[in-house]
Every structure is written in C-alpha cells, then in structure tokens.
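Q: Given next are the chains, with one letter for each unit.
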Amino acid sequence: MTDLSDERASQAITVLLVEDDAPTLWRLQDALTKAGFQVTAAATLAEARASLTKGGPKVLLTDLQLPDGHGIELIRETRQRFPETEIMVISILGDEESVISAITVGATGYLLKDAFPTDIAATVRDLVAGHSPISASIARFIVRRTQKHPEPPPGPPLDTVKLTPREIDILWGIAKGFSYAEIAEHLGLSRQTVPGHIKNIYRKLEVHTRGEAVFEALQQGLIKL
Amino acid sequence: MEAEAKPGFPGRERRRLRLRASRLAQYLLVQLLIVAACIFALRRSLPEPPSSYLVSGFSLKEGGAERSVTLPHYTSSRFSLNDPPLYTGHFTWSSRETERAWSVYLPRFSNGVEVAVNGVAILDSRRDPVANRPDRSVPEIAVIPASLLHDGANDLTIRLFVWGPLTGFLESAYVGPDDILRRYYEQRTLVFVTLPVMFSAWQAILAVILTIMWVMRRHEPAYGILAAAMALGVAQAFLPTAVDPSQYSRVNAVLITSAPIEAAFVLTFGILFLGGRWPRYGLLIFAPGLLLVAVALIGEQALTSELFVLVGVPAIGLFLVLLALIVAQSVVKRQDLASFLLGCAATIVLTCWAHDLLSVLQIIPDDRIFVARLSYSAMLVAIGAGLTWRFARALNRVDSFAGRLVTQVRQAEDKLKASFAREEERARAAALALERTRLMRDLHDGLGGQLVSIVALSERGDAGAGIGDAARAALKDLRLVIDSMDDIGGDLMLALGSWRDRAAAQLRPHEIALDWRVATPQGLPVHPELRPWHVIQIVRLLDEAVTNAVKHAGAQRVTVSIETLTDPAGSAYGRITVEDDGKGFVLTPEGEASGGKRAARGLRNMRNRAARCGVELELTSGAGGTRVRLTLPQKFPDSDTAGA
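Chains as they are written, first to last, in this note's numbering: chain A, 1 to 225; chain B, 1 to 644.
FYI, nobody ran anything at the bench for these hints, they're computed from the structure. Any given hint could turn out to be false.
Straight-line Cα separation of at most 30 Å, DSS-like style, residue types lysine-lysine; simulated pairs [to be verified]:
id : chain 1 : residue 1 : chain 2 : residue 2
1  : A       : Lys113    : A       : Lys54
2  : B       : Lys551    : A       : Lys113
3  : A       : Lys34     : B       : Lys551
4  : A       : Lys54     : A       : Lys199
5  : B       : Lys551    : B       : Lys583
6  : A       : Lys34     : A       : Lys204
Cβ-Cβ distance ranges computed for the label pairs, FRET-style [unchecked claim]:
id : chain 1 : residue 1 : chain 2 : residue 2 : range
7  : B       : Arg607    : A       : Gln38     : 38 to 46 Å
8  : B       : Pro509    : A       : Thr146    : 29 to 37 Å
9  : B       : Gly449    : A       : Lys162    : 39 to 47 Å
These stretches of chain B come out as covered by chain A in the derived footprint (C-beta under 8 Å, 3 or more residues) [said to hold, decoys possible]:
id : segment
10 : 186-197
11 : 480-492
12 : 517-523
13 : 566-576
Glycine residues also receive a C-beta, built at the ideal position from the N, C-alpha and C atoms.
In isolation and in its complexed conformation, chain B is listed as follows (with noise of 0.2 Å):
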C-alpha cells in the first residue's frame, strides 16, 4: 500500500487508511473462502471402479531385488529406462466371460508402464505423448486380446519406467470386463485430457486476441506480454516430451521448461495492466526462467529435469504469491471487478500449486494428481472475463465521450447561433437607427415644417388659403417620401413619373400647363447606386423649382426637360431642366436671389441639397424666366456627407 500521510489531514488519512483495511479484511476473507473450497474439492477422491476388480497384491523385481508390494507404490529410483522395475501380479478370469471383454486400467501412473497380460505386452503408455507428461495425471487401458486369456489365474506384468524429474509411481491396477472400467478411464480422461485441450484451445484464441490489441495499441505493453505468456502455454500443451532422442528433443525441452518464463510473463502482465510501477529489477524475474532454457540448450536431459523441480517449480510459486500480492494491493486501492477476478484465480492456482507441491513431497497422500495446470485454466478464464469487461468499460467510456462531444458541440453551435443571431440583430437595429435618422431628416425637412406652418397660420385665425396650401404641400411631402422609399432598381423615370402626376395636380388649379420633354424613351441612366435619399433630394429640388414658378414667377407654363447627354470620354450622364416663363428675379453676384431673406434661404437650400447628392445646380433667372438646371453624376455618393 502507498504510504501518503498528508500532515494537513490526519481526518481524512485515518478514515482513508480504515477503508482499505475494511476493504483488505474483506478481500482476504473471500480469498480464504476460495482457498477452503479448493481444499474441499481436492479432497474430494476421483471415483474408483469396484474393488473386486483391484489387482493389489504384487511382486516387485526391482535392481536385481524381489520384493512384495502392494499398491500405491513409489519407486527409490528417478531414472529406470535401462532397468524398469516389474511389478507381477495375479487376477482371476472364467471362460464363462468370454461374452465380455476384459480389460487392464491404470488410473495413474508416472512416467511410463509396459503391461504385459500372460507375457504378452498390450499396452506401452509411451507411444502415447499426452501420457508421457509427469505433469498431466493421464489414465491408460488397454483390452486384453481374449486369446490371451485363459480359465483360472492369469499373470499381469507391469514394467514402470522412471525418466524424472519424479520418483516413479503406480497408483493401482483394475482388471475387469472393459464395460466397466472404460466408464471410470473416460471421467478421468475427460478431466484430465479433454479438458486441458479445450483449454489450451482457449489459449490460444486467447493469444491470438490479445496479439492483436497489442499490434493496434503499442503502447500498451501489458497486452503484447500477455499473448507471449499465452503462446508460450499453448506451445507446452502441445509439444509431447520427447523420450527417445530426436532433433527437436531439445527444442521441446526448453518448450517445456518455459513455464517460468511463463508465469513471470503472467507476473510482468500483472504489474502492467493493474498500473503498478515497473520495479527496477524487475527483470530478474525471468532469470530461473532463462536459466533453465540454458540448461535445457546445452545440458543434460535428467539434469534440465532435475533443475526444473528444483528451481522452476518454487519460482513458479513465488512469482504467483507476487501476483497475489500485487492483485490484492489493486483491489484494495480501486476495488474494481478486473483485479478481484484475478485475484480469485491467483488464489485458485496458488492452491493449487501448493497442492501439486506437498502432492510431489509426499507429504498430503494425494495419489500425485497433479491440479496446478487444470487451474491455471481458472487463470484463463479470469483474465478473458477482466479483459472484456475492461474492453467494455472502455467502449462505454468511448461513448459517453462521444456523447459528451456531441454536447459540446452541439452547444457551441448554439453559442455560435445565438451570436450569429445577435451580429444580425445588431446590424439590423444598426440598419433601422440610419434609416429612422434619415427619414427623420427627410420628415422633418419637409413635412415638419408644413405642419408647424399650419399650426402657426391656424392659430392666427386667418385661416383661408394660407392652411390649405400648406397642408397640402405636407400631404404632397408625405406622399413624396412614402414613394422614393419604394425599390425603383436605379430608374430616376420611375420617381420623375409619379412626381409628374404630382407637379400636374399642383400646377393645375393655377392653370399653369406642365410641359414634359422627354429626349429619349429611355429618359435618363440608370444609376444601380441610387438611393431613397437621393431620390428625395432631387425630387425636392425639382419641387422647389416648380414651387417658385407657381408663387413667385407668375408663369403661364413650366417645362421639364428630361435627356442623357454624353461627356467627353465617351460616359452617359443625366440631365433635367425646369424653366418657366414667369418674371424672374435678379441673382446677386455671390449667387444669391436678391428678393429678400425668404427667397435668399431658398436657393441657399437648392444648393445644399444638390451638394448633398452630387448635383451641380444651375441657375440662371432674367426677364424670359428662371431656368433650374440639375445635372446629374455618373455615379451618386455614397454617404450623406456634406448633409451631415
């Protein structure tokens, strides 16, 4: 466990440190549990065909020596394959069996046995590679030719032969009708042969996947350690032990001897994927492991075998109880469903082992059979189900992160909206304050004034003429700027024909006649560029004009005279021209009209508003009438700039 005592909270340590013991006591608790079904199952004896059919009673010639045995019995040597010692011994058969077969089971045996029935040999357990595996409790029977046979008592002769690393061993003979003792050889068959292939079967899918993932995530070591182990058990599984020499006999020795290597690959995986930190020499956990492999290369046979029990089989027991350990610490630390799977089966094989161990001293009377392997099989189990589960995880995490993504982004999208919303809003207000200001401009230039006239003349009483003709031009004002607000696509005809209406209806109660010339049918150029503002600017001019003639002037008639003329470089522009034929006035030589202030204000405001648009006005007055000439830019302004 981390040691973090933090000064500033001895609180909050203490109840932290009391979680994790709870959380300890209650992971060992299980353990123990685990441990005591384990116990229990081992315990419990494989079943036994009838003891009517036991051969029990047997002579054993062993190194030149004849002695009586019964069985189970060890041998002294470790090594008898010159030698092997002859255990003889009798069973009764009647020729009223002939109807059944009569079989010779051996439920274990270790290493190897040659069972002869009246000197004849029917069975040598050695041709067959899954039995010649010390570490598998493999079962043998063999029917016995009924030729064979015959009433009375029989001889069965059983040769043991011993190649270490293990004492040798003879749990017990059945000779029986086969019917019989086949059922009691397929259980253990089943468990002891079946099952282990399915297992290394699984193994190797196992470490097919996991090779995989190690392949697409490189950085993840753990996975890439743990196919390795996997390989490394599939191939043991598979590769018989070599007996007689051969050229690959000593490539399946370190095959074989590669369980430690193995189990410190399993350690190794353990240390990464609970996170742990890599210890410094972490790599001396593969020395027994590569010690053997040397061995196995170059030395002896016996002596690779020897060494196997003695250094392999602890430090295979050692690097489990580290695991364990380490297991234990994870679970205590991040109580997650991954480290306790595994530390059950830790616990499972770890028993196992110790079983298999006190098995092989001798000292639990266990008829050797030999469980560590089976177990390891729990292992497998425990780490393919904490691996889904952590892959699980790991998608949900995925998905929740995608999910959350899809939230984000789904908000800044909002976010982005509602701004983009806001600019438009923005701009659109913007928009509506510089047209409120410039019909404000534009009502109050004309209309305002109109009213404020009406008002003023009706409250001097004389009311008459004077309130009509005002209210009237604010009315014609009105209607003036209601009109150049609509859209006329750059066509200054558009405006200048409703305003002839207009002019027309203003001049006809003075019956004075409204002249239009229009040069062209075209009129004038269409300026893309052109504006309300302008439109109005241009149209009060013309009414100004038209307004003189019919208050000042005493005109008869006024003429309009619409054309495009071309400049000099070729471009069209336009022109109007209001005359009348009234009396005119006299323009003083600044420009300005000489009939008193009214008149002066009024010219003073012509120009202004031709500056504002880019007009240039022109005026010229004397006794055959005013003309008011407005020549139009090629392209009107921008902005409102000299109104401003």
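If we strip away everything but chain A, and leave its shape as in the complex, we get (with noise of 0.2 Å):
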C-alpha cells in the first residue's frame, strides 16, 4: 500500500483522542493527523462526553487518569452506546493493572505513549482493519490467570472462564513471543484465523452488564454472599 492510498483509507476514519497532558496529547495527534485520520481531541471527561453526543467515532483512544474522571467510565459508556467503535488505552507502561480493567470493559489494546509516529498510525489502522493486536505481557497476564491458584492472584479481576483450550494455547505462544505463523504452525491452524481468535479473546475477557459483573466476581470468588 501506497501512503497516498493508506491516507485515502483513512479519511472516513474519526479519532476521538482523550488525553490530559497536553505534550503527549500534541504528539499523539500530530502522529495521528499525519496518518490522515480525523482527529478529535479532548483533555478531559467531560471534554470527550461532549464530543461523543454528535456520534460515535470509529475509534476511541483514552488515557485512563483524567483530571474528572476515570478512562475505565468512558470506555464503557462509549462500549454501550457505540459498540462499533474500537476502544484503545493509552498507557505510559502497558501494565496490566491498568491495560486488563480497560480490556473488562471493552477496549481491545494498548498503545503507548511513547511510540513512534508510525507505530502509533499503523497500530490503529490494524486495530480499524480488525487485527486486534495483543501484546506479550497482556497475553502472559492472561495465561497466568487461566492457571489454577489457591489464592486469588493480585492485580485486576480477570475471568477467563470462557477462553477455549486453543485459546488459551494461542495466548501462551504469543506470550512466549512467538509470531503469529509460529502459532499457527505449533498448533496446526490456519494463519489468517489467528486475529480472528485473538478477537474473541477480547470479546470474552469483556464483561457486559453489571450483572454479569457480579455473576463473574462470584464465579471468581472475589464476592461472597
């Protein structure tokens, strides 16, 4: 692909982009609207619920710490009303702590804030082009909370009792980093339906309701009645 026609794909595509500092939300945007995509920025909650009552953008990148609020809100808001939109986080680390209650509520990703221009354009092109990338130490997160503990581990609730055994395969081998046609290859798949699986991951890691929410967090342990 050409970059004259990646910025003809990217024309129709809006960008809400929720960031408080102003630098990094600079930085991201410049990257963003090189790219050719069409940016809206907001540097708080209230900012980017303003923006979200003309329609919903084809996608969402929120900073989790906002000076009135909390990212993981916003996720979920946007999730409910626009579930077309792809949701990412903007994370300084990429920690799970952060990372994995953003994936419960919707988001698919991260992207850090530190990440080259280009990296930044071709990650969101993937994400609208439906490849929802999964990075090794979310995956390694993941495949250690599929493992039975006596205890629950520490950091976010996570239930991942719904992933397949192949599932589950796929995430140790990209936690290992292994690449997708190495998955592929060690578990007999088809290349192509990797990104597929990876996006059921992330629809099953998400939890919808707040009923499920509780029905989850009993399942879990984390409530007790």
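Join the two chains, each given in its own frame, into one complex according to the hints.
A: Structure, rendered in structure tokens:
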C-alpha cells in the first residue's frame, strides 16, 4: 500500500483522542493527523462526553487517569452506546493494572505513549482493519490467570472461564514471543484465523453488564454472599 | 500463742499482741455466752405429767431391810442384779375408768426396771437394749392390762436392777390414763431416743464421706482420723449393752468403753486440722482409751465399768479442754470460720460434760439426765459445717487458680503472638530492604543513568534526537524492571516474549528486521529458581547486544535464536544467540573491544552481568557481523555474589 492509498483509507476514519497531558496529546494527535486520521482531541472526561453527543467515532483512544474521572467510565459508556467503535487505552507502561481493567469493559489492547509515530498510525490502522493487537505481557497476564491458584492472584479481577483451550494455547504462544505464523504452525491452524481468535479472546474477557460483572465476581470468589 | 518476739519491730509486735488479745477477749466472751445459754437450757426441766398421777410414797425392801422412801431415790449399791431393791407403792383405780387404758410411766431410772402391777410383771426394761445404756436417759411406758386392775387401791412394785458403774436411780413413777402419760413419754423418746439415732445416722454418713476424702487424699491424715472417730461413735451408738453374757459381750464392752479413744481421735483431728504441730508425746492421749480396751478384753465387766467412770470420763473431759484450748489458739491466730464453729461446739460439749459429771456426783439435783452424748451432735454439726466450708473455699481457690492460669496462658499466648508478629514484621522488613536494594541497583544501572544523561543533554542545549533516545531508553528500562518483577513461574520464555515486543519497537524506526527463531515450541528449559534479578540481567545483556547492533554496527537484520541443548550428562540447558549482519569490531587479545573507551566499558558491563547470574557469555565479531551467545546455567545462582 502506498502512502496515498493509506491516506484515502484513513479519510473517513474518525478518532476521538482523550489525553490530559498536552504535549502527549499533541504528539499523538500529530502522528494520527499526519497519517490521515480525522482526530478530535479531548483533555477531560467532560469534553470527551460532549464530543460523543455528536456521534460515535470509529476509534476511541483514551488515557485512564483523567482530571475529572476515570477513562474506564468513558470506555464503558462508549462501548454501550456505540458497539462499532474500536477502543484502545493510551498507557505509559502498558502494565496489566490499567490495560486488563480496560479490556474487561471493552477496550482492545493499548498504545504506548512513547511509541514511534509510524507505529501509532500502524496500530490504529490495524485495529480498524480488524486486527486486534495483543502484547506478550498482557497475554502472559491472561494465561497466568487461567492457571489454578489456591488464592486469588493480585492484580485486577479477570474471568478466563470462557476461554477455550485453543485460545489459551494461542495466548501462551504470544506470551512466549512467537509470531502468529509460528503459533499457527505449532497448533496446526491457518495463519489467517489467529487474529480472529484474538478478537474472540477480547470479547470473552469483556464483562457486558453490571449483573454479569457481579456473576463473574461470584464465579471467581471475589464476592461472597 | 506463739512467741515471735522480733526485736527489730517492737511497735508492730505490740500492735499484733494487742490485736490478738482483743480477738481472744471477743472469742471468750462468745464462749461465755454459749455456756450461759447451755446452763439456761439445761436448767429448764422437762415437762412432767400432772402430779395427780404421781405415785410418791414407796416402801423399799433392800438387803432384807424395809423402809419408806419418796422418789427420786438413789440406791447405795452399784450392783444389785442378784438381789434387786424392790419398791412397793399403791395407786387408786376406779372401775369407771375401764373405757381408757391405764399405763405405768417411768421417766428416768438406772439401770433397769421390772414393773409389776398387783404382782403380775408387765414391763422389763432389760429387754430394751437402748434402755440399758446408762448414758441415755431412756423413759419406759407400759400399758396395764385391765384385768389386773380392781377398784380401789392397787399394788405397784418396781424392781430396780443396777449393774454399775453408777448407783441405782429411780426418779419417779406415774400411773394414769395411757393417752395422757404417753404424750410425755413420746416427748422424752423423741429427745433421748429418736434424736440420737438421727445423729448417729448423720455421724455414719460423715464417717463414709471422711473415709472417701482420706482415701482420695492420703496426705491429709486428719480426715482419716476423724473418720475413725466417727466410725467408733456409730459403733457405740448402735451396739447394745450386754446384760447377759454372750460371745460378743467382750467386743461390745470394748466398743462401749471406746469413748476415750474416740475423744482422743477427735483431739488428734483438731490438732492436725487446725495446723498445729504434733506434740512429741502426743500419742499418750490414746493411753486411757487403750487401757480401758485392754481391761475390757480381759477384766471383769464391773471393773471395766468402774475404770470407765474413774479414767474414761475424766480423760474425755481433759481432751475436751485441750481441744477447746487448741481451737481458741487457732481462732485467735487465723480468725477462720471453721475453727470458730469447732470452738463453739467444743464449749457446748464441755459444758454438757461438766453438767453430767456434776449430776453423776449428785452435786446438782438434775434427776440424772445425761446430755453430753446428745451435745456431741453439736460437735458433729460443727464438723460437718466446717468441712463443707473448707471444701467450698478450696473449690473457690481452685477456681481462682484456674482463672489465673487461664489469664496467664492467655497473656503468654498474646506475648508469643506479638513476638511472632514482630518476627514476621522483621522478616518482611528485611525482605523489603533486600528487594529495595536490588530494585535500586536495577534502576541505578538503567533508568538512573539514562535520566542523568537526559539532564546533561538538555543542559547542553542541543536537544534533538539525543534526549529523545535517552528518554525512550529510560522508559524501556522502566518497563523492563516492572516486567521482570512479574511472576513468570521460572519460564524465561515469558520474559523474552515481552522483550521481543520492545526490541521490535526499538528496531523498527531504524528499519532493522528482527528475526526471531525458536528451535522448539518449548523454547528454553524451565528454571524454578529463576528470580527477577536474573531476568533483568539477561534481558539487559540482550538489550545491549541489540543496542550495539543499532548504534555501532549499521546492521540490516538482527537474529535472535533460542534453543535448548543437552550436555553429555543428559541434562538440558538453554542458549540464546543474538547475531547482527553489521560491520563488527575487532577484539583485543585480552578480550577488550578496540573501539574506544565506551565500547570497552560496555563489554566489561556485559561480562559482569553474565558472571552475576552464572551465564556464559561468548562474543565473536568479525567482518560478517557480531554474535553474542548466552549459554544459560543449568541452575541459576542463588545469591548475587559477583555483583555485590
């Protein structure tokens, strides 16, 4: 693909970017605008909500710690109102503490704040194309949670009950640094099906409603009646 | 009273003596009151039937001589079984009285009587074993068969049998309607027959209880001794006096004369129970009793009776006095309820004993009513109450001891818990300190240096790429430190997975391809002993290899190969190789890089890191590129010795 066709493909793609640190916001906005995305910037939760009243963007990129609230709220609201919107968290460290909780309310992966501009654009483009990226460290966190422990492990709650053994195998492969092709080869899959599996994994980790969240918490023994 | 003259504290000593004196005075006053109450009670005569039924005038035929007497009458003889004195009197009966039965009622006599009306015997008290005890004031009543009576004067003859040790005694004789006389008879029976039986039963129970107590607590002989005293008392009460010689008569005699032994036992109990010291010749108190027993076994019955009066009774009195003194001393010293009760009882018995003695000696005109044995029941009640009181107090002490013990155990437990918590806290603090040291070193090695370099670059003014690179490197290192702290369960592949992400991101802007080759799906062997600091060192080694390829080699491709090998011994070990296709560098013979000081330092750093976690580092460089090969140990070292 040439740059020109990239730009054309990105033409209709609207991105709502929520980040309270101005330099970081500029940096991300520049990278995305240069790649041809139509970026709306918001520095607070209120601004982001105001922007959402005009309609759902194709992509929501949000920081978690906002001056007037938490990005998790925004992700949940957006997910409920605009199911088509692809959501990503902007994170400094890409640590499981922030990323996993965002995934459980509907985010798909994360974007590092110091990523190179080309990587930023490429990640968003992949996301729109239906490729849900998953990092080795997040995959590692998820598969560690699928292992049975006598005590609930530290970190945010996560329900992995719905994952199939195949999906868990794929996550193990990613956690150990294997490429999609290698994973497909080891597991006897077609390489093209791996991104679909990953998308499924994200959807299965999502907790859809409040009631479901309570049910999940009960299942994991986080709440005792 | 003990004479504890402590010369150092005359004031205190005087105060104590005064306190004891006042206690003694109080105690004596109470005993005096008790004596007075006893005398008052004893002076009150028992109710008598109307005097109209009293037969007062008798003619006495004794030893061939006949004379006229009035009752009460004491005989001169102490033994008259062969020729008993015969009292003959008269009473008037009218045939109108046929509707009601008439009786002869004898309130008090000693030792035995045979009553005849108009020459026909109607009562022989010798058939009643209880009546044969001279120490019991047993009354007798007998209904006169109506056929014996006739209008006008009727004869009443009473034969008085005396077998010692006292002289014979006939208090009075009543003849009248049975329904009137029997009432008085019943009253006396209640006091002098039924009550003693009740007390004896109580004594028997006490004997059993005390025996059990002694059996369970052998180290307290006081209970055993009291049990013996009680058992003797019971035996005495229920065994009949033998009038006719029988095969058991001697045994009976022994038991009946055992009262001094019983008294000696009670005295012994008093000494032991009240905690007094056993006197050296203490066993002498059993001498009178044993003497009597010996005489009873071999001697004549009369002699036994004589001796009982002459030796036994005074001995009992002496023991009572001794007991009273011991108890008084204990009361003064300890002021406890048990001794006080025992003291009062001793006073009562002593008073009654004195009364009986005076009565026997005919010093007081008391119709020979003996009350010592009866008053002994006061002693029994006191002993029972005292023992129960002691028992309850001991239980309370046990309770409070148990309570104290529980408290102490709880305190010890709390202390232990606290010290355990302290120890745990200390261990946690030590672990935290150790972790902090490691983290500090890790941050110092990477993040610290990079931040300092950012500061330096920004101060120089030519910001640009330098600051960005250093800051990005700092972030990368921060991510590495955080990542390596995660629990990866000894699987180094999990750490390498995230490192691949970061390395790829680092290489992408430089358009260097990252070729990732894992020989087997397993990758590397699992090391349960793998710790975060091992991971950090290994990942930093790999980072440096990649950074060198980016900065100095001008490479197009970096290849990372991960494989598991097997040594000749058959154990598996891992190997990670990082190769680039750059221009390489020349190593000096000492293994140092020739590319200037910085490169040299970088290489030395890598060797250090490898040594710290037991990794074998192999560096080859040439025109075709550079190869860094890490051969992992089979077991990672436990402590960070090389880098300390």
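Q: Checking each numbered hint in turn, tell me which of them this model violates, lowest number first.
A: The structure conflicts with hints 6, 7, 10, 13, although it agrees with all the remaining ones.
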